[in-house]
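*Asks:* Taking the hints into account, I'd like the entire structure generated from these sequences.
Reading the sequence shown from the start, the letters are residues -19 to -1, 1 to 595 in mature numbering (1 follows the signal peptide of the UniProt record, and there is no 0).
Misleading hints may appear alongside valid ones.
Derived lysine to any residue pairs resembling SDA-like cross-links, with alpha carbons at most 25 Å apart [unchecked claim]:
no.	residue 1	residue 2
1	K360	A397
2	K458	D427
3	K515	N554
4	K247	K354
5	K461	N183
6	K378	D427
7	K536	V551
Pair ranges (Cβ atoms, derived) [to be verified]:
no.	residue 1	residue 2	range
8	E2	L36	41 to 49 Å
9	F369	T509	53 to 61 Å
10	P253	G476	31 to 39 Å
11	F369	A255	50 to 58 Å
12	K16	D534	29 to 37 Å
13	Q398	K561	24 to 32 Å
Treat the hints as calculated values from the structure; they're not laboratory data.
Idealized CB from N, CA, C, for every residue including glycine.
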Amino acid sequence: MRKLLLLISLTIACLQTQALEISRLEPACWWTGMKNKELQLMVYGKNIGHAKFNLNYLGITVKEVAHTDNNNYLFIYLNIAATAKPGTVRLQFTDAGQHVTYNYPLKARTNQGAAGFSTSDVLYLITPDRFANGNPNNDALEGVNVNRQDPNARHGGDLQGIEQHLDYIKNLGFTTIWLNPVQENRMPGGSYHGYAITDFYNIDPRFGTNEQFASLVQKMHGKGLKVVMDMIFNHCGSSHWWMNDLPAKDWINNNSGTYVQTNHAKYTLMDPHAAPIDHDILVNGWFVREMPDLNQRNRHLATYLIQNSIWWIAYAGIDGIRQDTYPYPDYDFMVRWAREVQAEYPQFNIVGESWYGRASASAWWQNHDVLNKGNAALKTVMDFPLTFIANSAFNYKDSQYEGEGSQLYPLYEEIAQDFMFADIDHVLTFLDNHDLDRFARSDDPDLRRYKQALAFLLTTRGIPQIYYGTEILMDGKKAKSDGYVRQDFPGGWGGDATDAFTAAGRTAKQNEAWNYLQKLLVWRKTNTAVTQGKLIHYILDNTGVYVYARIKDNKTVLVMLNGTNQDKTVAMNRFIDVVKSNRQGRDVITGKTMSVIQSITVPAKGEYILELTQ
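*Replies:* Encoded structure:
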């Protein structure tokens, strides 16, 4: 009997030791001096939910120890007073005589405020796996190898490759780099695009480490470049570490075993006639089978995700976030998230992927929109409607009609509806991105379409974004797969036949495109009329030329875009209210000076960007 009791006692002791196992504790560190004094700790370990928790640290008190239906998790809420000093916080867990102490780092806050990004910036969007491979040694992971012949496989691009080409990006004239997701994607197929995150707190090891990412951000800042980090809170990857042992039964939407895919019916969120079931399927359905839909109505998950954003800002010093699939998560959660991030970092900018075909729907998501009684609290929205119109307006088809039927009239009409936006300066404008067919076409007969579109993009209202490779006319369409619009940048891999990072490695046509874009980008940095000025535009007349001005104080830039295949002479007396006493204009691209008093002839499918002077 004694032996049996001893065996039982040893077994219980063994189980008790397992009960105090801590496999994960997130976030891995925190900071003093944060405006929000509450910190949530998610503790994961076998039966850790049975343990009692305590700490003794000056300035820190325990607000709540929360349990879920899974005893392998504890959610601990702490209050960190302003008087708390940096140091090591000893977190103590006790269960039936067993003790475990976890030394938690509390650091001094050094990043007091992120810079954000604004109309003075131009974003360069990079898909990290496809830009440059600086370290081939980190390419393979868990049997997923590089295969550059497969557009949907990993190709090996990484953070080191981006770092090696920061001067290229800076010299081209960009001010900000937006990175497609860099967090861990340990998916069986590789998840090269990054949108199936399997660990929200770690950089994908095929890109680098957390330390390398923070170092990269610091080096970008050292070169005067800002950083926008892509995030996804609607879903995670099916190989996320918690999928094998969910923190709670309601952590994932539609977790019954029956697959429910989202209907992508994004208009149901503002539609007064929407059927409730359509709204529910949009929000609770999964994006695809490999991307489980997160339930942000679970209060622990909601706080976890919000803290994750703030952690990356504090840890790495990023300047902005682009939030993927913005209409798909729980609406109230997204409002709370945006408000809490911006309360901690008032200058920080968040841009949401509000993918709509109508400006009214995009505007509905912006902070203080008068038609959205719920106030989505989002600072910047993506102007997809203008993108779709621009792709049609800037082509080689000649206008068959004049005035309202002219080629560029839809641009005028779309800009004329800017009254719907609460803050038209905070819209992200673009010709393409990683989800769309590329705008540039290497087989275009000339660069008139390319130049005219970029002239418009970089002089109209909003914050411009340009997709990597546009400067060298990289093209590609989604017809086969998304991978064809996310191709490798030539010269980013050792052994590449050409190196388009250098003028010598580019064709004459590519250099013409590159030089044109660089001239516009460099000029834009110094012209406050374009980056901060008021926009005044004119309805298109029978010339088919779209004319608008950007005005700031005593600076005026006059833009003239000819949407026809014939040279058009434009009488200038119509624009006297913006030309005023100025008598001439210097074209930014050619340097040519011309009179703005009588008439100007704009070349077929051509453009003038005129800085007006006396």
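*Asks:* Give me the numbers of the hints this structure contradicts, sorted from smallest to largest.
*Replies:* Result: hints 5, 8, 9, 10, 11 break, sorted rising.
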